[in-house]
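Protein chains: 2
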Amino acid sequence: MVFSLLWSLYFKEDPLPLLDAMLFSIALGSVLVLFGEKGVEFTPKEGFGIVAFGWLGAAALGGLPYYFGGVFPRYVDCFFEAMSGFTTTGASVLTDIEVVPKGLLFWRDFTHWLGGMGIIVLSLAILPALGVGGMQLFKAEVPGPIPEKLKPRMRETAKLLWGVYFLVSALETLLLYLGGMSFYESLCHTFGTVATGGFSPLNKSIGQYHNLYFEVVIMVFMFIAGANFSLHYRALKGDWKCFFRDEEFKFYTGFVLVGIFLVTLCLYLSGNYKTISSSLRYASFQVISILTTTGYVTADYFWWHPFAKYFLLVLMFIGGCAGSTGGAIKHVRIIVLFKVFKRELYRLIHPEAVISIKLNGKSLSQNVVSSVVNFFMIYMIIFVIASLIIAALGEDIITSIASVAATLGNIGPGLGKVGPAENYAFHTPLAKWVLSFCMAAGRLELYAILLIFLPETYRR
Amino acid sequence: MVFSLLWSLYFKEDPLPLLDAMLFSIALGSVLVLFGEKGVEFTPKEGFGIVAFGWLGAAALGGLPYYFGGVFPRYVDCFFEAMSGFTTTGASVLTDIEVVPKGLLFWRDFTHWLGGMGIIVLSLAILPALGVGGMQLFKAEVPGPIPEKLKPRMRETAKLLWGVYFLVSALETLLLYLGGMSFYESLCHTFGTVATGGFSPLNKSIGQYHNLYFEVVIMVFMFIAGANFSLHYRALKGDWKCFFRDEEFKFYTGFVLVGIFLVTLCLYLSGNYKTISSSLRYASFQVISILTTTGYVTADYFWWHPFAKYFLLVLMFIGGCAGSTGGAIKHVRIIVLFKVFKRELYRLIHPEAVISIKLNGKSLSQNVVSSVVNFFMIYMIIFVIASLIIAALGEDIITSIASVAATLGNIGPGLGKVGPAENYAFHTPLAKWVLSFCMAAGRLELYAILLIFLPETYRR
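Line by line, the protein sequences are chains A and B. Numbering-wise, our numbering comes out as the position in the first sequence, counting from 1, plus 3. Numbering-wise, our numbering comes out as the position in the second sequence, counting from 1, plus 3.
To be clear, the hints were calculated from the coordinates, so they are not data collected in a lab. Please read all numbers here as calculations on a predicted model, not as lab measurements. One or more of the hints may lead you astray.
Remember, identical chains collapse to one label, so a pair may be satisfied in a single copy or spanning two.
[Unchecked claim] Calculated lysine-lysine pairs in the DSS-like style (CA-CA distance at most 25 Å, straight line): (1) K162 - K361; (2) K48 - K345; (3) K48 - K342; (4) K105 - K15.
Let the hints inform the model, and build the full structure from the sequences given.
In structure tokens, the structure reads:
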């Protein structure tokens, strides 16, 4: 919160909300440091605990500046906004963003950036080691020395990847600043982009600028942030061709291009925009923004043809690449799902054939393949149950579906009452807790958060 | 078509449409008999071919009476209506049912009954042998002698199950007739019930009677039709307790009860109905009708609270039991999915534990478990792609989702523009072909229809 405090002082705003939150956090942290066990090797179970309670704790404390600053009257809103930040979702319960002090808005975007840092390390170092939902795939892909123990490897990997993350962030800030955006807004939008978050200090998000240069820069960096950061690391080390060898990256790029093509075609043919160029401009930004789970908007797609809207809704389930800051199911899993689909058909004709599923030329173990399909299934079960709860609280079907799809997938804006020009403020407190749970579950690849609810977890 | 012709003569209607369709079918059949190969043992691939082309052919010929009778000007509508009949879906493109000659309406309901006969045998004898989507589960469950070869076993099984099907149908017809329904309508509604079809010769379906007795009889028989017919067979042989031993039946019963409870509560609390008794009456009929994939309606649930509507939409994906005439994913697979969910969580805490998934006390092979999860995944992929196509043709998201959910799951009525008081007539011809494909794919457990599109299938 120190950096936010500095902005607060720079803009001559009341520094107390941030100071109070800092003191409270330091106090709580001191208690944990004093009374917690030290130097213990942790088991997978405790690994999940650290991940889940770490994120929940960050959101609980991260909401304090809003609470002390009187941004929201109820704590659940503060918690929601902070959870949305740290999970890089970008779903907001703020109805008027620009009246909030700039120091607090900086904190809001900074939570994205911190969350993004956490996610990269989580998905490339911690979860592969814990064996979650097929993430074992990335065990050998992580840069850094081959480890003997879990902790030293994580530390090494984290440092390298954070270096890349920092570099990408610095580059985007520079490009936005050179294009004429203020340094403050450049920083805020960079945080929202590279973390695929989507918070903006402006009421109308990126659309407020009506500036093609900003849109292109942000599109490029959303695309980068939606790709695997270990590829960026390798590229920076000189291996530029690694992108062309990586099956997930190729699929991701192809998906983006096909998606832009289809939506542009739909917007132009249905007359949503009069020219192909403006169809392309708005289609490409929205497709990249939703697919990478960023959630910045330049167009109110509420008015678009139903195919374009429904297509965006489907994108919310697909998300970014593994090892990116993007959320949802992720491309690598979608690839495996389609390969399983193909294999199932082939098997019916050739029941005796043994066909292994390959990724980047390597055969995947049956264990990993099952993990991926099971992950998809569990994702869908959580989606259905959570959206039924939202509907039970009185929301229409589209709003219920979109609210859950957009929080579970860490996108932010959805459809219906949570559309691009709307926000999550109208939801009941219970709905906000459920959606906060979805954000955390989706962000942490489901399992860490689900284990919290399992009595088995707390047995010695 | 002979029986329909008799009704046609009884009601003194023009018999030519049915006669022409009969002659055309006989002519085509003769060609196939004369030029087809005889006495060849078939491979799994050919088994799928027989199933897929058998159903498509039945729909193609079954649509002829409507075409010759001038019920629809376009053949695609005739094909859609016949496919909807044979797949026991009940989705209709008829805008005014009661103006159609009664002989043709009898044919319309009779296609349900014939389709239901086909489905029971398909799901309990053919598909388990071909190893589709976990249906191997039912290999040993089928009554009849343990077979040496595929064909004799199928024949034996078919006869036994058809006996049960006939008995159940006779009983329902009798009960409806005794309650005061005409013999003609009793037969038609029995066909629609025991096949979990949903066609009715009345414009307002079962709701037109406003008769609690009919509603209760039909509810009971929808419930029976949604359960595994091999259980009914065993019960008729004296083993009444088999229901209480069968995990799927218990889950199915529990699901129905919980569903009725939740929807009744929702309808009452939200004020959709003023009394608990009428909430219960309409909730229970609609829940059983949609869950068993029948699609008869007694209430226009368009006006219901969003939770109730969304809940019905979710039920469309679940469907009946395996070995019933019900469609969609089926309860046995849902049970396996939840057990896999539980095992995945447990595995994360105990990575070394080997936990087998059990059904009715027996461990399932990893192969069967994977088949089930993969089936779910493929079902969802087809659902998403088909509903994107419907949206691309200009329908709103709810209508697109519901049209595909209700045809792929063989329900009939959906939500939005295909709601309970509506029909499928407004869809474009292309949408009707796509939805016909969904009906066939859903009915034949996906694979048989998908294999038609695979070039691999046609290689020697």
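Q: Could you tell me which of the numbered hints above are not met by this structure, giving the numbers in increasing order?
A: Going through the list in order, the structure violates hint 1 alone and respects the others.
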